[in-house]
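J.: Following the hints, position chains B, C and D against chain A.
Residue numbers (my numbering), protein chains in the order written: chain A, 1 to 304; chain B, 1 to 304; chain C, 1 to 401; chain D, 1 to 401.
FYI, nobody ran anything at the bench for these hints, they're computed from the structure. Note that this is a predicted model, so its numbers are computed, not measured. All C-beta atoms in this analysis are idealised placements derived from N, C-alpha and C, irrespective of residue type, glycine included. Some hints could be false.
Stated by the list, open to error - Pairs of lysine-lysine residues, derived as PhoX-like cross-links and limited to a Cα-Cα distance of at most 25 Å, are as follows:
| no. | chain 1 | residue 1 | chain 2 | residue 2 |
| --- | --- | --- | --- | --- |
| 1 | A | K293 | A | K278 |
| 2 | D | K215 | C | K167 |
| 3 | D | K117 | D | K91 |
| 4 | C | K91 | C | K53 |
| 5 | D | K199 | D | K117 |
| 6 | D | K58 | D | K199 |
| 7 | C | K400 | C | K350 |
| 8 | D | K167 | C | K215 |
| 9 | C | K167 | D | K167 |
Unchecked claim - Reference excerpt, derived from the structure (chain B facing chain C, CB under 8 Å, subset only):
| no. | residue |
| --- | --- |
| 10 | P39 |
| 11 | G40 |
| 12 | D53 |
| 13 | L54 |
| 14 | D79 |
| 15 | L82 |
| 16 | E83 |
| 17 | A86 |
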Amino acid sequence: MNFDPDTKVLVQGIVEPLGSVHAALMKEYGTNIVAGVSPGYGGQEVHGIPVFDLVEQAIPVMGAIDTSIIFVPPYELLDAALEAIAAGIRQIIIVTTGIPPLDMVQLVRQAEATDTLVVGPNCPGIIVPGKIMLGTHPGHLYLPGSVGIISCTGTLTYEIAYELTQAGIGQSIVVGIGSDAIVGSSFSQWLQMLDEDEHTEAIVIVGETGGNGAEETAAHYIAEAIDKPAIAYLAGQHTPQEKRRGHAATLIASKLSVKEGLTETDDWGAERKIQAFKQHKIPLADRPSTLIKLVKKALSARKK
Amino acid sequence: MNFDPDTKVLVQGIVEPLGSVHAALMKEYGTNIVAGVSPGYGGQEVHGIPVFDLVEQAIPVMGAIDTSIIFVPPYELLDAALEAIAAGIRQIIIVTTGIPPLDMVQLVRQAEATDTLVVGPNCPGIIVPGKIMLGTHPGHLYLPGSVGIISCTGTLTYEIAYELTQAGIGQSIVVGIGSDAIVGSSFSQWLQMLDEDEHTEAIVIVGETGGNGAEETAAHYIAEAIDKPAIAYLAGQHTPQEKRRGHAATLIASKLSVKEGLTETDDWGAERKIQAFKQHKIPLADRPSTLIKLVKKALSARKK
Amino acid sequence: MDLLEYQAKELFREMDIPVLPSQRIDRPTDLKGLKIPYPVVLKSQVRAGGRGKAGGVKFVENTIDAVAAAQTIFHLPIVGEYPEVLLAEAKYNADREFYLAVVLDASARRPILLGSKIGGIDAEAVMEQMQLVVVDGEFSPFYARRLALKMGLEGNLIQAVSDILEKMYQLFVQRDLDLVEINPLGVSATGEVMALDGKVTANDDAIARHPDLVKLVTKTSNRPKMNASIAQSSRMTEEKAAEGDFPMLTLHPARDGNIGVLCNGAGLLLTTLDLIYLAGGKPASFLNIGEAILQAWTPTVLCDRLERGLELITRDKNVEVLLINLHCHATAGDRMAVVIAEYWQKRASKARLPNDFKMILRLVSSEFSRAQESLKDCPVTIVENLEQAIHQTMGLVKSKA
Amino acid sequence: MDLLEYQAKELFREMDIPVLPSQRIDRPTDLKGLKIPYPVVLKSQVRAGGRGKAGGVKFVENTIDAVAAAQTIFHLPIVGEYPEVLLAEAKYNADREFYLAVVLDASARRPILLGSKIGGIDAEAVMEQMQLVVVDGEFSPFYARRLALKMGLEGNLIQAVSDILEKMYQLFVQRDLDLVEINPLGVSATGEVMALDGKVTANDDAIARHPDLVKLVTKTSNRPKMNASIAQSSRMTEEKAAEGDFPMLTLHPARDGNIGVLCNGAGLLLTTLDLIYLAGGKPASFLNIGEAILQAWTPTVLCDRLERGLELITRDKNVEVLLINLHCHATAGDRMAVVIAEYWQKRASKARLPNDFKMILRLVSSEFSRAQESLKDCPVTIVENLEQAIHQTMGLVKSKA
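With the rest of the complex left out, here is chain A (with noise of 0.2 Å):
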């Protein structure tokens, strides 16, 4: 993890509509971007960043570079994954949404084989709030702080971000993880990264109840390995829905003509989240507000 503020930053994709805008705001932020990469544009600037047609065309010019942030079209996104790999690039975020998942597939094997952190597809990206800013986070809702937050939703992370702001809370990392059914860093990765960093005093996971995500995961994981305090709120735990399969593999179950079989349980996937932070006496806020005043209590039992 190396998300100092003068990390070596790289935006993929920086002609795109979304590539310009959001490497504008990045670097307005304060985030070192050194380079924007769009085949054809070799040559040109975008906001005054030099744009190179080949990612292992900038690295000579701006020495090595530690993450790239990529905003490419769905179907051009594993090869420009696989061009930053391959040009030594160890961290890499993918706010692009509408990946084919076996190219995340493909993307995922690459970045286990180099040891490559991967955050997204579809998601806002990292902030270090009074930092660095890698994705598309709006930055004012954003108060340096030791709360950090792990999600996979995408403006709920703002949403919950900006609650504790206006609390006077502030956070020492903020990431959303990306909402697909694959996604190259999960909830575990970021809740043994966060549990090491020394900046973070209670950590914080942002789930749903439905959906494809690993909260039941999560909560396992906090039970077993995380000695630092973790609050999860989990959206949707009021709203009625349809009953679930109980099987770990959602995407599985949710295809198979021989689903039923695989039910474990008949009780909502919903219910089952719930249950697995409520098992390991994980504190789990229904609303912000309740999110808040859990947040607060275990930052001053940690202060004792």
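T.: Here is chains B, C and D on its own, set in the frame of chain A:
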């Protein structure tokens, strides 16, 4: 390199005609063939060797396996080799011939990623005279001793070993690396291993003046990195051959429409190979009887 | 996107996965030109499960019976879905039946092979024998043999079944599928195998790069029914339009409520709905106009989606109070406010909104004060705090009661 | 196996690599039904290079000229090869011409991409600008862009050229090819690209698993000429028979000699020939019946190949002395000796071998004495030592002189 007599050996394709014949011959030579694999034949025995359906089934029964010798048909080779690697086997000898080159590219990639030694394809394998035979070498032609042979030919390898044996010169290890365009391990790789092998006092390179072989590269490698005396024999030095293209990547030069441009010199490929050895003052024989003399000379010089 | 059985079998045929001779039947009279000898099986081509038990599969011995059976099946809905076509297929005498599938495992983040020595419609029995192999690295046929052995197969059946699995895997990868399933795989007394029924699910994100697949699925027009429940909707709100660049907007009607909710982002929508339920309110319809971060969504696109979203949600006449909850960043909040102001003026002037229709805009944006300015002539309440927005919404609902 | 230009272009079309409208011409009169508007280029479909300079490519403006030009080209051999078909193709005005290729690099043990900003027939100029990219890992399009940039391309041409390279690579891998080459790739003034000429080489070991490729290349019957030189022959002695299981035997006639040489193994054959030349002998014909280790070569197969090999080499009437040099291991040496004895008796009794025809068998086998026994009634000299075998062979040659 692990070729002790107690090394555990597996034969893939043991029910194939060649596999069955050579499994028996290897066993007779004293090789510790612990299992054979041929899908659909699990539970049977071939020459008293138990047969399994899958490599990974043999391991819990027989313990970790060091080497697999593969005799499956060419289009099944890649799968068989990947199966062996996935089961943790790190030495693979491929006797099979007629393997599509792109299958070898895939295999070489996986072998590199897993640090697996691949010998062949289209090769007679390895023999450590008096100790172990892994492949198709006719054991009765060999004599234990201190000369290592690395050859890219087939029956000519037997011929050279036989002539050394008849002259009373024993062999420490004889390896046929195979004569296909893409081979799993090269002259250079084996030169390195034999240079480090405590039982080897001199190294013989057996090649051809034509063909795909990397004899020229071997000559340069010997000059750069090998301390032990090395002697080469190239077949074909007196047989008229057509003029060949002088580019290192023979396979490229022989196919491109612009190959004329790739020609660096206009002489035979043969002449360039011969020159490489002469340039580095590596003794080069033009007939087996000369080779014997040169080996004797090298051995006696070493004893002084 | 689930393919129909006959479409799945067209793909099987392409991959040399053995299937029975069959013929697509568009209307009962097609059976007079049947080229398959009797006895024949007629099968309703629907995406829903359980067609066998529901009477959607019939064995027939001659043309007269076949036409009558086809008429019956065409008029028999399976879980609410009428078939547009039937499949007439030769009969097969299976000695045994297996289950095989290739699917993506989200937690392993790898494709997996599934197999059971028991196939067919008794899901519990199938599951009891279910075996699984994760395809860790690049696929190679030994993964398929590994599954065949875990299934307990022996002798020639190992190769026969792993050959089928290999072709299923190739199909899965070549066409970017979510699922390839054969259930049952018939095994004859002599050890021959035959895909008797098949299911193929295309991936919505990947299908656009497979024109042949698009062509195959657009041959028939019946589409899977939309599931209105939010558990699904949090993922299904946006469904790729076949020809457009952007996900379609889909309205999700709830029951008995009178509050409309429009958000950008599924999680934000869920939180907003939670808070409404907690305050005693009842939603009528809800709509997610999309995460701000969606690929290629320029401010213009999100403004356009907001406008279309407003139109869509105000069509629901049960919506008396509309709560719009937006986080605006790259898309400046004031531009969104202008869209709302313009929409309000246009609709209100044309009397296309009821007089007592109320709107609350909860907006998080650095342009909040400019947004306020844009909305000053509209009867739209604008607030920044979420709990306050809920409070005001509930106040408006109660004032109407 | 080299494909003809029009076959290569069929594959290009399949991969959506842009090619010009073209038509295959089997006889000059086909040009009367030409569907491409004039002016048209007529190209001799031969595997040999240099057809342009040799007059095998002609521009024509109308049917009369076209028929005449076709007649000329059909009767014009290119490096000894007559075309069986011509290709009639639309004319293209290229602003620039590039060179692109995908080929396997044996030393890197990886496929490589080759590209030059100069294409066409001036090989030296093409080579001067040649750039190379090794495809280390799984292919991804960035490898193609890497080459385009090394070639010095800018702007839209980067994507246009790397798109073509990506498709060439896919073709290369999907069909297991040895080479895919486009030379020249025409680039129009507006930056459009067009494959003007193409070369595709199928891999002899892999082609059997690509039935469509087998079908494509067996459409025409003209085959590459056999190169009689041993430099090629050490690899070309065995050529896969299209329908058989085992490589075919091919006899390689030398010049002016009177010694036949038959060995098992190419290296052994080379050594044997070297020793004959060193002793002042001259080979007439030589034959490699195959390495003992060839896949699935049971003793029976090798015996059969020896028998067929004997028949083949004794057809060369220049062969007065035949030296057979065999290493026998899995295939017991005595069984090979029996084959030789039987062959000798059969042929000699039918007077199909000249009276003074001599045979030397050099045999390395643990069954040497049994082999000796089998040959005791034949006038075949059997020895174990190679130099001695050469010595005896030379003695027999000299005794005949």
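J.: Hint by hint, say whether it matches the structure.
T.: Each hint tested on the structure:
Note on K293/A and K278/A: the hinted pairing holds, with a Cα-Cα distance of about 17 Å set against a maximum of 25 Å. The straight-line distance between the Cα atoms of K215/D and K167/C is roughly 22 Å, inside the 25 Å bound, and the hint therefore holds. Distance restraint check for K117/D and K91/D: the Cα-Cα separation of roughly 21 Å lies within the 25 Å cut-off, and the hinted pair is therefore satisfied. For the proposed pair K91/C and K53/C, the alpha carbon gap of about 18 Å is at most 25 Å, so the pair holds.
With a CA separation close to 18 Å, the supplied pair K199/D and K117/D stays within the 25 Å bound. At most 25 Å may separate the alpha-carbon atoms for a hinted pair to count; K58/D and K199/D meet this at roughly 19 Å. Among the hinted pairs, K400/C with K350/C is consistent with the structure: their alpha-carbon atoms are about 22 Å apart, no more than 25 Å. Between K167/D and K215/C the CA atoms are separated by roughly 22 Å; this keeps the pair inside 25 Å, and the hint holds.
Restraint check for K167/C and K167/D: the C-alpha separation of about 24 Å stays at or below 25 Å, so the hint holds. Look at P39/B: its Cβ gets to within about 5 Å of chain C, closer than 8 Å, so that hint holds up. Taken as an interface hint, G40/B checks out: its beta carbon lies about 5 Å from the nearest beta carbon of chain C, inside 8 Å. Given hint, D53/B at the interface with chain C, holds; its Cβ is 6 Å from that chain's nearest Cβ, closer than 8 Å.
With a cut of 8 Å, the hint placing L54/B at the interface with chain C holds, because the nearest CB-to-CB distance is about 6 Å. Interface restraint check: D79/B against chain C, minimum CB-CB distance 5 Å, threshold 8 Å, status holds. Among the interface hints, the one on L82/B holds; its C-beta lies about 4 Å from the nearest C-beta in chain C, closer than the 8 Å criterion. At its closest, the beta carbon of E83/B sits 4 Å from a beta carbon of chain C; the interface hint therefore holds under the 8 Å criterion.
Look at A86/B: its Cβ gets to within about 7 Å of chain C, closer than 8 Å, so that hint holds up.
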